[in-house]
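Colleague: In order, the protein sequence lines correspond to chains P and B.
Residue numbers for the first sequence follow this note's numbering, beginning at 1 and rising by one.
Residue numbers for the second sequence follow this note's numbering, beginning at 1001 and rising by one.
It is possible that some hints are incorrect.
Computed footprint of chain B on chain P, listed as stretches where at least three residues anywhere in the stretch have a Cβ under 8 Å from a Cβ of chain B [to be verified]:
#	region
1	60-73
2	126-137
3	291-300
Rather than coming from a laboratory, the hints here were simulated on the basis of the structure.
C-beta: ideal position from N, C-alpha, C; glycine also.
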Amino acid sequence: MSILVIAEHDNAVLKAATLNTITAATQLGSDIAVLVAGHGCGAVAEAAAQVAGVKKVLLADAPHYAYQLAENMAALVVSLAGGYSHILAPSTAGGKNTLPRVAALLDVAQISDVIKVESADTFVRPIYAGNVLATVQSKDSVKVMTVRGTAFPAAVAVGGSASIEAAAPAADAGISRFVGQQLTQSDRPELTAARVIVSGGRGMGNGDNFKLLEDVADKMGAAVGASRAAVDAGFVPNDYQVGQTGKVVAPELYVAVGISGAIQHLAGMKDSKVIVAINKDEEAPIFQVADYGLVADLFTAIPELSKELDKLKAAG
Amino acid sequence: MKILVAVKRVVDYNVKVRAKADGSGVETTNVKMSMNPFDEIAVEEAIRLQEAGTAKEIVAISLGIAACQDTIRTALAMGADRGILVETEVELQPLAVAKLLQAVVDQEKPDLVILGKQAIDDDANQTGQMLAALLGWPQGTFASKVEVGAGTVNVTREVDGGLETVALKLPAVVTTDLRLNEPRFVKLPNIMKAKKKPLAVFKPADLGVDVAPRLITLKVQEPPKRQAGIKVDSVATLVDKLHNEAHAI
Ligand SMILES: Cc1cc2nc3c(=O)[nH]c(=O)nc-3n(C[C@H](O)[C@H](O)[C@H](O)COP(=O)(O)OP(=O)(O)OC[C@H]3O[C@@H](n4cnc5c(N)ncnc54)[C@H](O)[C@@H]3O)c2cc1C
Ligand SMILES: Nc1ncnc2c1ncn2[C@@H]1O[C@H](COP(=O)(O)O)[C@@H](O)[C@H]1O
Chain P
1 MSILVIAEHD NAVLKAATLN TITAATQLGS DIAVLVAGHG CGAVAEAAAQ
51 VAGVKKVLLA DAPHYAYQLA ENMAALVVSL AGGYSHILAP STAGGKNTLP
101 RVAALLDVAQ ISDVIKVESA DTFVRPIYAG NVLATVQSKD SVKVMTVRGT
151 AFPAAVAVGG SASIEAAAPA ADAGISRFVG QQLTQSDRPE LTAARVIVSG
201 GRGMGNGDNF KLLEDVADKM GAAVGASRAA VDAGFVPNDY QVGQTGKVVA
251 PELYVAVGIS GAIQHLAGMK DSKVIVAINK DEEAPIFQVA DYGLVADLFT
301 AIPELSKELD KLKAAG
Chain B
1001 MKILVAVKRV VDYNVKVRAK ADGSGVETTN VKMSMNPFDE IAVEEAIRLQ
1051 EAGTAKEIVA ISLGIAACQD TIRTALAMGA DRGILVETEV ELQPLAVAKL
1101 LQAVVDQEKP DLVILGKQAI DDDANQTGQM LAALLGWPQG TFASKVEVGA
1151 GTVNVTREVD GGLETVALKL PAVVTTDLRL NEPRFVKLPN IMKAKKKPLA
1201 VFKPADLGVD VAPRLITLKV QEPPKRQAGI KVDSVATLVD KLHNEAHAI
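The shape of chain B in the complex, shown without the other chains (with noise of 0.2 Å):
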């Protein structure tokens, strides 16, 4: 089978993003940048299809800023066989991202679309609902376990109460938590090797979509802070404020 991976360049998970003072967005100059890490285990997860026999080639797709060749570096780097970049300096929300992934599909038509469950960035956890929903095919979202049958794949979910396992006709689209595997690192000459590998850039006018932002940010702001309270010294002291202080127990 063919799987296409989806990996979104985001401001990397260890840094503590400020809103600009203007509030107009975030700060995002000199700020590290990585792959989300649910697209890690993404692609993570295709690679292992492919070790097992079960997928024959992998594509990554990112979607964004020139910078994103990076991201799609990394996946190759990975394990990845080649790379897509949609180029664009638009932001993009994710429905015009399903929708650009949408007309991917429909050129590279894969068995198998792999994301992540949510970008760390806008939190939105959406794309692959949506991407699924504009293909037609079922969704195993929040996958802690994937494995491909014939025709079929069963994916099972982390849900509220537990987990959820679902059968899905493919082609289906799969999002990732983070149960579902641990992701390799990258060796250092795989990174040279994955600067041979081809990788295609097209833009969203090629592709014939409208990428138009729907939703406009009016304004970015941090929340109030919560103050530090106090130290204890011992816990009969801390059942005594949560007693006769805090009203909590």
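Chain P extracted, bound-state conformation (with noise of 0.2 Å):
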């Protein structure tokens, strides 16, 4: 059993969404190689031969995946899958946008969202917005999947020692160019590693009161999520997505913070360890998931949590 993950990053750090998924491929088999793909991104590979458990890291750097277009990390990829029986990726929105298209090309069926290895070629992924639970069992010859990162604990950044090879890239397919981006910029956590999540929704009214929730984020470490209502309304961006459709988090702590609670909505957040939410509506759905309840009006009860914070905090 050889296993090929294929590395997120942004060619110059290795993120964290790869280590949950390094942790699936330890679950497969001991010999496990991981791909970086990018330009100038040997820093990123340094990082990757240091994870445990991973035996080698192939570096392919090469202009044309310096934005990792799918066109061309797809042919990379199938390029190097020679005797590998699996490959994964994680959940993301680069994993998602390649890995399909390297199992097309191979003539396999691709896996997604695997939250669970039961044995080589079985697997259990969620369908219907999490409400229920599929067990699939793959008869192909290489088991191409993505790897939900919240259902596999991250695999230790430190103390491995695996080789750094050169793989040969593939030629540009020519037929996709970056254009530019636009991301979100924020001191905040990232939301899919984040200790301690607050989201915010629809009830939230503008875009501009969610800074009474950016105000308690601060105050607890955390990042900041949306419904998406609140993220059609132009609220917050739409990388602040929590959802069957957006992210999916299981952070320690997660506020909803006039979020109803849809299943949609739900399935991006249920697995969280401990739920908070504050709706001033007692028949909103999200108080059936919620550890913690509170039926109050958010424009006073989130001023007043940032002020409990303060105390909590001089408290020590």
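The task is to assemble the complex, starting from two chains supplied on their own in separate frames and drawing on the hints.
Modeller: Printed below as a string of structure tokens:
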């Protein structure tokens, strides 16, 4: 059993989701290679080589991998695929973009969002917004799958000493081109890696009011998330969306503010360790999954929460 | 240009599905079915391109049982020009759908294929990428903006850190995200008109595609239910509980 893990990175930093994927890989076997494809991404390869459990790092460094366009990434992965029994990528925007392309070129199925490894060919994955879990078996020669980060602990980022080998770049497909990006700037932790998340919904009323949430988030070292309704209304950027079709998170603490708790939202946060709901409607479905519910108007509750957090801090 | 739009018939997003008692699948009898919400966005985008004079013809395609005709008719009522049903009783998985779509693309020769990013039943998020791979076409997935130029299409994509724009050579595959547009409601007279629009039916064998499932579903189960906790009466109590009981802050 030889496993290839596709690293998620931005040419500078190895993204945490890769570590969860490596843990899933260790449940399949011990011969684990990590592919770092990018441009000027040597530091990422160095980081990947340190991860416990990794045997080998393949470094494909070329200008046409700078933005990891799916067309070029898939061609590269397919050129390297021979000999691997499993090809894994994190269930991130990048993994979801590239991996089905790899699977189709290899003429195999792709298994999306694996949350449990039952055996080398049998996996569990959520369907219907996580309302049900399907156990699926693949008879394909190569198992190609994306791994849901919240379902596997992160591999230890240090202590490993994998070798780094250069991988020959595949040709530039030349059919797609990176034009630009608008990345959300924030000093707060990344949503999928945060220990605490404070999320706001339509009840926030407007984007300005999110400042209330940012204030309490900063006092808790939290990331800020949102429901689809809040994103659609333009209160916050798209990458804040938590849910079935947004990000899936499972922090130690998730605070849902002015969010009703539609199944599509629950799909993205119901595995959080502790859930708090603040909503003025006591019938809101979010209370059915909340460990601590507060029926209150958020515009009084959140400023109060801010003060209580100050008191807690002062008490040390 | 000609646009092919894929529309899937799925359990309506308001339905909370249940696993069958024997674990063989999900309960779908007497359950409301609708067009996959991302596919409504795909149809809407195609119509807007037609209204802008960019697109000439819109072909809506669905694959599955005979009842998928309803989904195609909805697309026709929204404004698509004609429909194609690839009819089969076999459970279609994304790779099979992509292969069938590839065969139809070979016949229809569209300049752009628009799909949803994800079907809300299988939550696979694969078919568009697979189709693009099989065709050797570029892909613009999770689109929140589509701008067609001469021989190219610029697609702004919703990615984990924000937005990214790529330029693709046509022909290309685009998959829709939620913010691309707001689909229009179907007007009653258009439902009547849609009944007269052409709808062709093929079988997978007509297209020479083997659609046998690659993944075997061994069982389907509901996850353990999360228990509702307690209601607290004040913010002070909440903070106290979070600190001293849950040790979360
Ligand atoms: C295809 C598809 C995909 C989807 N994907 C996602 C997804 O990934 N993530 C997601 O979140 N949703 C998703 N949705 C949308 C989902 O169905 C809901 O519409 C959405 O989650 C509702 O957001 P909300 O709870 O913020 O808004 P609402 O349902 O409108 O709830 C607002 C809540 O705020 C409360 N409130 C209002 N004012 C106050 C106040 N002053 N103080 C306290 N409480 C107040 C109200 O009581 C209410 O409960 C998807 C839907 C579809 C069809
Ligand atoms: N049986 C089908 N009929 C029509 N379109 C489909 C079908 N299956 C998948 N699609 C298209 O592919 C998209 C992604 O589906 P999936 O990869 O299953 O999540 C959907 O939004 C549809 O546009």
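Colleague: Apply the coverage criterion to the region 291-300 of chain P and chain B: a residue qualifies when its Cβ sits closer than 8 Å to a Cβ of the chain, and three qualifying residues are needed.
Modeller: This one holds; 6 residues, not fewer than the three required, reach chain B with a Cβ under 8 Å.
Colleague: Within the assertion that chain B covers the region 60-73 of chain P, do at least three residues meet a Cβ-to-Cβ distance smaller than 8 Å?
Modeller: holds (count 4)
Colleague: Just to make sure I understand the rule, a stretch counts as covered if three or more of its residues have a C-beta closer than 8 Å to a C-beta of the chain. Does the region 126-137 of chain P meet that for chain B?
Modeller: holds (count 12)
Against the hints set out earlier in the document, no violation occurs for any number.
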